[in-house]
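Place chain B on chain A using the hints.
Chains as they are written, first to last, in my numbering: chain A, 1 to 276; chain B, 1 to 302.
Warning: the hint list may mix true and false statements.
What the hints assert, rightly or not - Pairwise CB distance ranges (calculated):
1. B/143 <-> A/58: 32 to 40 angstroms
2. A/270 <-> B/102: 41 to 49 angstroms
3. B/292 <-> A/259: 40 to 48 angstroms
4. A/232 <-> B/126: 47 to 55 angstroms
5. A/47 <-> B/248: 36 to 44 angstroms
Said to hold, decoys possible - Residues of chain B clear of chain A, computed beta-carbon distances all greater than 12 angstroms:
6. 52
7. 213
8. 216
9. 259
10. 283
11. 286
Quick caveat, the hints were computed from the structure, so don't treat them as lab data. Just so you know, even glycine gets a beta-carbon here, dropped at the ideal spot from N, CA and C.
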Amino acid sequence: MSEYSWKELMAVVFSREIKDTDKITSGAHTEIFFAATMLAQKTHAPNLKLQLGGSVTLCNVTDMDVEELPKTSTGYELIRYAESVHDHADTFLFYGAPGGASYYKDDSDLRDINHFWFADKFFVGGIQADKWGNTNMIGLGTKDKMSFRGPGTIGINDIAVGVRDTYVFLTAHDKRRLVEKVDFISHPGKKVCRENEFYGGGPKWIVTPKCIFDFDPNTLEARLAQLFPGVTVEDIKANTGFEVKTASKVETVQPPTKQELEALRTEVDKTGVLRH
Amino acid sequence: MSKRRKEVVASVKDAAAMIQDGQTVAIGGFGADNHPMALVREIIRKGTKDLTIIASATAGLEIDLLIGAGCVKKLIAPYVGQEMYCPIGHNYRKYAESKQIEVWECSEYILYAGLFAAASGQEFFAWRGGVGTSIPELNPDLVQFTDPIGKTKKIIAVPPLRADWAIIHVGWSDVYGNGQHLGARFGDRWLARAADRIMTQAERIVPNSVIRRNPFMTTIAYADCVVEAPYGGHPYAAHGFYKEDVEFIQDYVRCSEANRKGDAATWDEYLKRHIQPDHYAYLDTVGIKKLLGLYTHPIVSW
Chain A
1 MSEYSWKELM
11 AVVFSREIKD
21 TDKITSGAHT
31 EIFFAATMLA
41 QKTHAPNLKL
51 QLGGSVTLCN
61 VTDMDVEELP
71 KTSTGYELIR
81 YAESVHDHAD
91 TFLFYGAPGG
101 ASYYKDDSDL
111 RDINHFWFAD
121 KFFVGGIQAD
131 KWGNTNMIGL
141 GTKDKMSFRG
151 PGTIGINDIA
161 VGVRDTYVFL
171 TAHDKRRLVE
181 KVDFISHPGK
191 KVCRENEFYG
201 GGPKWIVTPK
211 CIFDFDPNTL
221 EARLAQLFPG
231 VTVEDIKANT
241 GFEVKTASKV
251 ETVQPPTKQE
261 LEALRTEVDK
271 TGVLRH
Chain B
1 MSKRRKEVVA
11 SVKDAAAMIQ
21 DGQTVAIGGF
31 GADNHPMALV
41 REIIRKGTKD
51 LTIIASATAG
61 LEIDLLIGAG
71 CVKKLIAPYV
81 GQEMYCPIGH
91 NYRKYAESKQ
101 IEVWECSEYI
111 LYAGLFAAAS
121 GQEFFAWRGG
131 VGTSIPELNP
141 DLVQFTDPIG
151 KTKKIIAVPP
161 LRADWAIIHV
171 GWSDVYGNGQ
181 HLGARFGDRW
191 LARAADRIMT
201 QAERIVPNSV
211 IRRNPFMTTI
221 AYADCVVEAP
231 YGGHPYAAHG
241 FYKEDVEFIQ
251 DYVRCSEANR
261 KGDAATWDEY
271 LKRHIQPDHY
281 AYLDTVGIKK
291 LLGLYTHPIV
301 SW
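So here's chain B without its partners, still in its complex pose:
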């Protein structure tokens, strides 16, 4: 019997290959921040199909990219867009309107209620938000019942939202899968807890002693797989490292809008430009000058 602890570090390629066609994948981050983009791009490169995606409560264009690349069958998300950059994701619109993807209609806390139910092994979590709206009508998985205590109010039973994998961006991690966010955590801890297995994408792999120096900061413990991908969140921000690449996001919005309007050539060319053989080839296309220019002073430091 070996007394050596198991190290869980993998390459981006090997990690993404563990995700099979038809699986359910929860993807962390929020808005324009902290998305595991190196893994997302590798999933696209590999051509993984028919995924059910559990998005973050305010999904950004990382989900829109997966939809536009043809990887998604079903989407569980209360929003897909990028606020002022792009109020509604263009591929999301295109695919939802033509019913090429199924949308599991929900709101932010209905999403969390489903994740809590999965994470805690409950049959459902109860939540009032959504009563009186069209959400229960659009989503037959949500069941309304009458409050058994007060006897009058309507409540929604939200069934568990379980994922095969959660893929989460962290600031850094050790080789045993102990990851720490170096900024906002958003809903990442809940996405991870609702998943059978966790894959983290770290800006840096650090010695275990760095984690032990401040275990209070560990947000994802014992991930099943860790990949190191510096600038792996690009074009989105990675808290503690860099801000979002505005020009790059605007280019995405332009090309995805073209796709929605029927110009598939522009979109195919976009995918060809950005889905490179590996993460470092992708970074080469962005360019060192651009990448270094995105650096932000680490607000969180210790």
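With the rest of the complex left out, here is chain A:
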């Protein structure tokens, strides 16, 4: 038994990804990302513009006591962390430049795309993901016979059009979830995003409890880039439903440091939602 759970590791990995200048939207049912974003505000990104879920609460917890991780993205209790609450349709509207002030500098690599970038980062779940990074929240089966009705696309595809990087995450790593081709697309992968000239770049990573896939910049296909501690390439190959290609060098993710874990457990996830 390791001294941290995979959920805690995932929260720490994403927290490290977050920059102080980022704008991030975190959707529903994503306790790992509530933790990652709040941890980032408390450790190294106090200016992170964080938009949480349904009530479009713009939250900053840098100087706040977080009693427990929110259970829903809409709850009345969540509003205690908010500095602003808008109508929900505003979720999909521009709320400041991605990348913060650097966007306005001439040398910014963000400006040649489009200013209506919705946010810098967004997290996307799914019941299936494929090698192109397409994910599926709609269901399993075919148009005429859905054997499993999924939760629905929520607002994922609306945001994907305009967010710089999405991060696909799966809460289990097996052949049922990581497939050659998803039954339905709710969030388009990099290839589809590019073909449709979206402002958004599509998924940067697919993250599972075992590893991180990134995308080959030429083929836009997923490739194994980082392993979680204790996981082998063979393990990934045996549990993935598409042929696993690897990056030129497969790294191992740094485990949470003592400081990261302490901040996570004492300032963000006091009740241990992620520990189990």
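Below, chain B without anything else, positioned relative to chain A:
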């Protein structure tokens, strides 16, 4: 000619009776918050059938309840569930998988685009989200076309989503139908604007002077019908008044899951327990101790 303004207050029963079989009803709230549950339960009690439901952008289990009670023919919703309590509504799954309800596949902003189109009298609203996904394939009402300005990009034309009624929970309202949310408004204003007629369910009916004291806060003006239903949002939260009843929601999840798995008796018993002769009989079954325990300090106060 009378100079007296018309008051639009009705009982829960009389209000719900205005909704006819086969009509389209938009239901406000979001997730586990601000659903007009007293009206929803009365619609079920009355046995209204074949409704087309326009749900909120993140519909909660209030829609799942209506489906499980057999009131719904067609559902317009990008999601039905309750996040960590219940990722996918069980009755929604059961009825969608067996094709007992028709699902109008959409996403949150496709829903809003349809509401905007209806509210503003347009033939369609254009939206890019959904291009490159399976949504247009699953929903033939959505039409893809090429951007007539830039000439290259694909865009989806979303037709108007018009409702016969919007039923919306508000914090309080006056007798003339001026309602104010005392917390998040979610998509309620858009659901209301896309409807021919609006029915609000208020925690309290307040004097018109309370509305006039802060008209900036009026979110739903001139509703066609207002009902007063204290704790009318239970088991969900009503912003400004109380939080959601977690145990109650967990019980719902358990009973609806049983129904999905073929145990209709558990579900029928659930409906029997909760669909009471009127709203106050329902509150009696919940119990005063439970209800008062859900109180939250009103964050919004003036």
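To see whether the hints hold, each was checked on the structure:
1. B/143 <-> A/58: 32 to 40 angstroms: Holds, since residue 143 of chain B and residue 58 of chain A (Cβ atoms, about 35 angstroms apart) stay within the stated range.
2. A/270 <-> B/102: 41 to 49 angstroms: About 45 angstroms separates the Cβ atoms of residue 270 of chain A and residue 102 of chain B, which means 41 to 49 angstroms holds.
3. B/292 <-> A/259: 40 to 48 angstroms: holds, 43 angstroms
4. A/232 <-> B/126: 47 to 55 angstroms: holds, 49 angstroms
5. A/47 <-> B/248: 36 to 44 angstroms: holds, 40 angstroms
6. 52: holds, 17 angstroms
7. 213: holds, 21 angstroms
8. 216: holds, 14 angstroms
9. 259: With a cut-off of 12 angstroms, residue 259 of chain B remains clear of chain A, as the shortest Cβ separation is near 15 angstroms.
10. 283: holds, 20 angstroms
11. 286: Answer for residue 286 of chain B: holds, closest chain A Cβ roughly 18 angstroms.
Violated hints are absent here; each numbered hint is respected by the structure.
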